[in-house]
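Colleague: Sequence lines, in order, name chains A and B.
With numbering that gives the first Met the number 0, the residue at position 25 of the first sequence is 24, and numbering never jumps.
With numbering that gives the first Met the number 0, the residue at position 89 of the second sequence is 88, and numbering never jumps.
Quick caveat, the hints were computed from the structure, so don't treat them as lab data.
Please read all numbers here as calculations on a predicted model, not as lab measurements.
Any given hint might turn out to be false.
Here's a subset of chain B near chain A, in silico, CB distances under 10 Å, partners left out [claimed, not checked]:
no.: 1; residue: Pro161
no.: 2; residue: Asn162
no.: 3; residue: Val163
no.: 4; residue: Lys164
no.: 5; residue: Pro166
no.: 6; residue: Leu167
no.: 7; residue: Gln174
no.: 8; residue: Gly175
no.: 9; residue: Ala205
no.: 10; residue: Tyr206
no.: 11; residue: Gln207
no.: 12; residue: Glu327
no.: 13; residue: Leu328
no.: 14; residue: Thr330
no.: 15; residue: Gln346
Beta carbons: idealized from backbone N, C-alpha and C, even for Gly.
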Amino acid sequence: MAEEDLFQSDHPVSASEDEGDGNEERRHSQLLEAVSTLAGRKRRKLAERTEASLQVSEFNLSCEGAGEKLVLPELLGSIRASSSLGILKKQLNRVKQKKSVELPLSKEESERVVREAAYNKTSKAVAKWEQVVLQNRRAEQLVFPLKQEQMRVAPIEEVLTGWKTRTPLEQEIFSLLHKTQQPVTDPLLTPLEEASLRAMSLEEAQLRRAELQKARALQSYYEAKARREKKIKSKKYHRVLQKGRSRKALKDFEVLRKLDPEAALTKLEEMERSRIEERMSLKHQNKGKWARSRAIMAKYNLEARKAMQEQLARNKELTQKVPMEPEGEEEGNVAGEGLLPDSINEVQPSTDGANPWMLGKPSSEAKDSGMQEDPKDPRESVAPEDAGNEGEEVSEEEILLQDFEQRRCTRQQAGSPEPKGAGEAEEEHLFVELLSNVQTDPGVEQPAQGPEGPLLSEQLGRLCTPEDIDALGQEEGAEEQERPWPTGTLQESEEEGSAGGGHTAKKAPKQKMINLQAVLAGESHVIHCPAQPVSVQDEEEEAADQRLVIKEAFAGDDVIADFLREKRKVEQAGKPQAMDLVLPGWGEWGGTGLRPSTRKRKRFLIKPVPGPPRRDQHLPHVIISQQRNILAAAHQVNEVPFPFDRRQQFERSIRAPVGPTWNTQRAFQKLTALRILTQPGHIIQPISAEDASPQSTMPTRRGGAALAPTPQHSRHHQRPHKKAR
Amino acid sequence: MSLPGPWLGGSPAAPLIPPISPHRHLLLGGQRGHVAALDWQTKSLLCEINVMETVTDITWLHTETMFAVAQRRWLYVYDNQGVELNCLKRFNGVLRMEFLPYHFLLATASETGFLQYLDISVGKEVATICTRGGRLGVMGQNPANAIVHLGHSNGTVTLWSPNVKEPLVRMLCHQGGVRAVAVDSSGTYMATSGLDRKLRVYDLRAYQPLQSLVLPVGAGHLSFSQRGLLAAACGDVVQLWGRGAGKGGTLILWDPYLSHTLPRAAHSLRFCPFEDVLGVGHGSGFTSLLVPGAGQANFDALENNPFRSQKQRQEWEVKALLEKIPSELITLDPGQLGRVDAITMEQKHQERVERLGFDPQAKPAFQPRRKLKGRSSAGSLLRRKKKVANEEQRTKIRKSLEQQQAPEREPKAAPRAQRPALDRFKK
Numbered sequence: 000m001a002e003e004d005l006f007q008s009d010h011p012v013s014a015s016e017d018e019g020d021g022n023e024e025r026r027h028s029q030l031l032e033a034v035s036t037l038a039g040r041k042r043r044k045l046a047e048r049t050e051a052s053l054q055v056s057e058f059n060l061s062c063e064g065a066g067e068k069l070v071l072p073e074l075l076g077s078i079r080a081s082s083s084l085g086i087l088k089k090q091l092n093r094v095k096q097k098k099s100v101e102l103p104l105s106k107e108e109s110e111r112v113v114r115e116a117a118y119n120k121t122s123k124a125v126a127k128w129e130q131v132v133l134q135n136r137r138a139e140q141l142v143f144p145l146k147q148e149q150m151r152v153a154p155i156e157e158v159l160t161g162w163k164t165r166t167p168l169e170q171e172i173f174s175l176l177h178k179t180q181q182p183v184t185d186p187l188l189t190p191l192e193e194a195s196l197r198a199m200s201l202e203e204a205q206l207r208r209a210e211l212q213k214a215r216a217l218q219s220y221y222e223a224k225a226r227r228e229k230k231i232k233s234k235k236y237h238r239v240l241q242k243g244r245s246r247k248a249l250k251d252f253e254v255l256r257k258l259d260p261e262a263a264l265t266k267l268e269e270m271e272r273s274r275i276e277e278r279m280s281l282k283h284q285n286k287g288k289w290a291r292s293r294a295i296m297a298k299y300n301l302e303a304r305k306a307m308q309e310q311l312a313r314n315k316e317l318t319q320k321v322p323m324e325p326e327g328e329e330e331g332n333v334a335g336e337g338l339l340p341d342s343i344n345e346v347q348p349s350t351d352g353a354n355p356w357m358l359g360k361p362s363s364e365a366k367d368s369g370m371q372e373d374p375k376d377p378r379e380s381v382a383p384e385d386a387g388n389e390g391e392e393v394s395e396e397e398i399l400l401q402d403f404e405q406r407r408c409t410r411q412q413a414g415s416p417e418p419k420g421a422g423e424a425e426e427e428h429l430f431v432e433l434l435s436n437v438q439t440d441p442g443v444e445q446p447a448q449g450p451e452g453p454l455l456s457e458q459l460g461r462l463c464t465p466e467d468i469d470a471l472g473q474e475e476g477a478e479e480q481e482r483p484w485p486t487g488t489l490q491e492s493e494e495e496g497s498a499g500g501g502h503t504a505k506k507a508p509k510q511k512m513i514n515l516q517a518v519l520a521g522e523s524h525v526i527h528c529p530a531q532p533v534s535v536q537d538e539e540e541e542a543a544d545q546r547l548v549i550k551e552a553f554a555g556d557d558v559i560a561d562f563l564r565e566k567r568k569v570e571q572a573g574k575p576q577a578m579d580l581v582l583p584g585w586g587e588w589g590g591t592g593l594r595p596s597t598r599k600r601k602r603f604l605i606k607p608v609p610g611p612p613r614r615d616q617h618l619p620h621v622i623i624s625q626q627r628n629i630l631a632a633a634h635q636v637n638e639v640p641f642p643f644d645r646r647q648q649f650e651r652s653i654r655a656p657v658g659p660t661w662n663t664q665r666a667f668q669k670l671t672a673l674r675i676l677t678q679p680g681h682i683i684q685p686i687s688a689e690d691a692s693p694q695s696t697m698p699t700r701r702g703g704a705a706l707a708p709t710p711q712h713s714r715h716h717q718r719p720h721k722k723a724r
Numbered sequence: 000m001s002l003p004g005p006w007l008g009g010s011p012a013a014p015l016i017p018p019i020s021p022h023r024h025l026l027l028g029g030q031r032g033h034v035a036a037l038d039w040q041t042k043s044l045l046c047e048i049n050v051m052e053t054v055t056d057i058t059w060l061h062t063e064t065m066f067a068v069a070q071r072r073w074l075y076v077y078d079n080q081g082v083e084l085n086c087l088k089r090f091n092g093v094l095r096m097e098f099l100p101y102h103f104l105l106a107t108a109s110e111t112g113f114l115q116y117l118d119i120s121v122g123k124e125v126a127t128i129c130t131r132g133g134r135l136g137v138m139g140q141n142p143a144n145a146i147v148h149l150g151h152s153n154g155t156v157t158l159w160s161p162n163v164k165e166p167l168v169r170m171l172c173h174q175g176g177v178r179a180v181a182v183d184s185s186g187t188y189m190a191t192s193g194l195d196r197k198l199r200v201y202d203l204r205a206y207q208p209l210q211s212l213v214l215p216v217g218a219g220h221l222s223f224s225q226r227g228l229l230a231a232a233c234g235d236v237v238q239l240w241g242r243g244a245g246k247g248g249t250l251i252l253w254d255p256y257l258s259h260t261l262p263r264a265a266h267s268l269r270f271c272p273f274e275d276v277l278g279v280g281h282g283s284g285f286t287s288l289l290v291p292g293a294g295q296a297n298f299d300a301l302e303n304n305p306f307r308s309q310k311q312r313q314e315w316e317v318k319a320l321l322e323k324i325p326s327e328l329i330t331l332d333p334g335q336l337g338r339v340d341a342i343t344m345e346q347k348h349q350e351r352v353e354r355l356g357f358d359p360q361a362k363p364a365f366q367p368r369r370k371l372k373g374r375s376s377a378g379s380l381l382r383r384k385k386k387v388a389n390e391e392q393r394t395k396i397r398k399s400l401e402q403q404q405a406p407e408r409e410p411k412a413a414p415r416a417q418r419p420a421l422d423r424f425k426k
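With the hints as constraints, model all of the structure from the sequences given.
Modeller: Structure follows, in structure tokens:
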């Protein structure tokens, strides 16, 4: 059957072949076929190709240009010539030009497309605001209105020219101004001022200026010179200068006396005055710091001695009376009676020098000795001496006057040729005497140890030592209480007290016990108040009894022991517990009455980590609760905020106060500056597109803009869903 | 000034001039139930009532328009016309009261040993604490941190806040019971007096005793003035101590600055704020004493203006209510809120480490750099690692040693008093 089928199926194809090939061959092939089918697999027989073709089909079909579509122009090409088909051709062309209409999009898709387009458009429109918004957000302070009008200073003329008087008051004022020829439109200069301006010409002004300049320059030269001269330290130079000056003055005076006696008289008075001043002052009396130092050195140093003498000489010279006028001799007598004669200030070398106060007062000596006795204040020593002088004057005025007169006469006779030299010698003698006095004077209280004695005594000499004060205190108030200072000495003193106190709470740690006793039974200050309660006054007399009574009353409740017990309990409760993992019977015998070995117990007892030390570990009389305040902790910050690295940093910054009491004014203002400032009375316009454009430069301080855009802009803000697709 | 009046026969228990109300207003309460409020400068009476019950304590609330009276059974609130506003039956047997002005809390101590806090701005009972301290007849407040101090019969003084159910601090102050407690306005000093007739002053910063005085009769009442003067009522004598010769004006008490004898025993003491006046209630009335230097002369009008008008008072009231400090913030150390909560922080960190599986804040381990020419051998790498590790340890040890040695070095320099006088010029 199969064979036949095959044969028949082949038949239409091989119909044409029959002529060319022999029958045998066909049979052979049929045979082969049959054999192959016998193998169980049906093979399709390939058709034989009979004509040449590009495409080889399995089904033995072949056509030229197979696989290509039929295209319209190809068909049209054939109808080229015939004109009757022209219309059809046109129509076909038209059809060809028209593209096929696409399928309309679904509703969702079309909407999505619209949204996307709208989003792009709006985001572009909104992006131009981005810069402004960012800037405003970053700005430390915003001042609204953002666009501030620049204050322009209009020239006053401009303002005035546009001025029109409106109110009657203004009119009145203007009329007044007109009357007095005050400038109204050009307010710079009044006619008077203009006239004064015109008065001085330019040349004149220049000349005057040059003159002034010259004078100023001269003055400055002179000043510079004077300054330079003043800086010269050479004593000799100054001395020479001084001498020259005095000589010149004398000469002038002589000349003046001849020419103008009246002027000379005033000059004389002046000189007299200077002399008085010198006598008043202590300038050259070996009194100053320098002089004192010199006095110490004088013994060993010739130069120093000389310097001192020089100073004394100068004093003398200055205090010397101006030679009397020939015509004023009678007056001189009169004056001599009124004023103190010169010789009062002079030294009397012949006197024994035991008491310089009683003498005619040689200033230097008296003061030096005074310095030794009381180095503190020269003023005090001066005052009594003056008083003494006066007293003498009043009492034995006449006698003394005679005496002085005599002495002066003799001195003048003796050393008139060079009074200065004599004076110097005198001074020297006096000085030596003084030194010897210093060394040997038994009347001086201090044990004199050379010339530096007084100086040393000034530094270290105490008016009264602490011991003295103590002694004084004891004398004055012997019953005054000893006042215990609680801080340093408390413990030691109270340990003693506790020893006597005799409280028994040996269970507590020893040191703690001592401390606690100290705290409570520490010595107290018994006060003595002026007013005492009436009811207790008599009780107070037997104070010891009272104390005993109280002791007895509270003997039962041992407050301290109770407290210690409580404290120990609290401490124990607060300690972390050790974990006991010991199991009896493992590795050893177990049973009643048998305890695990100590080794095992030690091994399986897990010791806890000791907690932080108690806050009251050094305070025996205090129990401080270690409990955490959870309610307050809820309000605490429990992590370090961003810019800080460590807890301490953050805490420090939080702790720093902001208020003006703790900060400088500027820092305080900066810290508390408002972020947004609005100026009162100004309309705050919403930000406009010009503001947002990048060309417009932002004002520096303002930073920013209203975050609410205008209504028309807000239209753009209906943003489509970003994920629209 | 002794006020004549119908209560003279009784004994006014508590003349109070509470610090927060303007100083012009005085509140008097007699043990036999007489209550009177008056403007003590003009002497004009605001109200005068008899509550027909024993009055144990009396206090102004935040303004002079309201006051609380602790009567024998319950706590009552009256307005300044004497109209009863409230009767708080949960507060029974109150013996002492303290008003905490910044928290709007009225703290009461009862005879049954309960310490109760009432928020008067909302009328809520904030906390009720059983102190287990027996009858609470002694109470004081620390104005600096609003901690309440209670004195007990076993000689201890306990410090309480409404947030913790146990005493923050227990101090053994006296061998007998405590009779009076007062804390000065800076919160630095606490004065206590006890049955052992002692008056002690403690430094509350260190809980250390500063001073101890023995008074002829112990002080029954203590009060600190704004400037730190201490008044003590010992029987019928009122004694005052000024701020003594201590360094930097520390409170050192010697012989009293003033003392005054009253006709009868004193029942209460209170300084008048911003005035040099001490009001004393005693057995036969009320006496105001002049105490030079007691009141603060330079008041801060923004904080508490003694001359404020009614309008200002009303505004102040609103502001004070807005700025009311919640009771949870009462802590022994007011600076605690400015600190980071270290325990929670640590815990959070540990949790985070567990969650992430690594410590994000940990320092990365030292990784030795690779070197050439055989220097990166295993041995040398190990050596380098050890070197770095040891370096860290060394710095740690060095630091701890420095810390240990620092206190040892200090006492080497002899104390000032022992050095010779001329040594101070040594360089």
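Colleague: It remains to establish, for every hint, whether it holds in the given structure.
Modeller: Going through the hints against the structure:
{"no.": "1", "hint": "Pro161", "result": "holds (9 Å)"}
{"no.": "2", "hint": "Asn162", "result": "holds (4 Å)"}
{"no.": "3", "hint": "Val163", "result": "holds (6 Å)"}
{"no.": "4", "hint": "Lys164", "result": "holds (8 Å)"}
{"no.": "5", "hint": "Pro166", "result": "holds (6 Å)"}
{"no.": "6", "hint": "Leu167", "result": "holds (5 Å)"}
{"no.": "7", "hint": "Gln174", "result": "holds (5 Å)"}
{"no.": "8", "hint": "Gly175", "result": "holds (6 Å)"}
{"no.": "9", "hint": "Ala205", "result": "holds (8 Å)"}
{"no.": "10", "hint": "Tyr206", "result": "holds (5 Å)"}
{"no.": "11", "hint": "Gln207", "result": "holds (7 Å)"}
{"no.": "12", "hint": "Glu327", "result": "holds (4 Å)"}
{"no.": "13", "hint": "Leu328", "result": "holds (6 Å)"}
{"no.": "14", "hint": "Thr330", "result": "holds (5 Å)"}
{"no.": "15", "hint": "Gln346", "result": "holds (9 Å)"}
The structure shown violates none of the earlier numbered hints.
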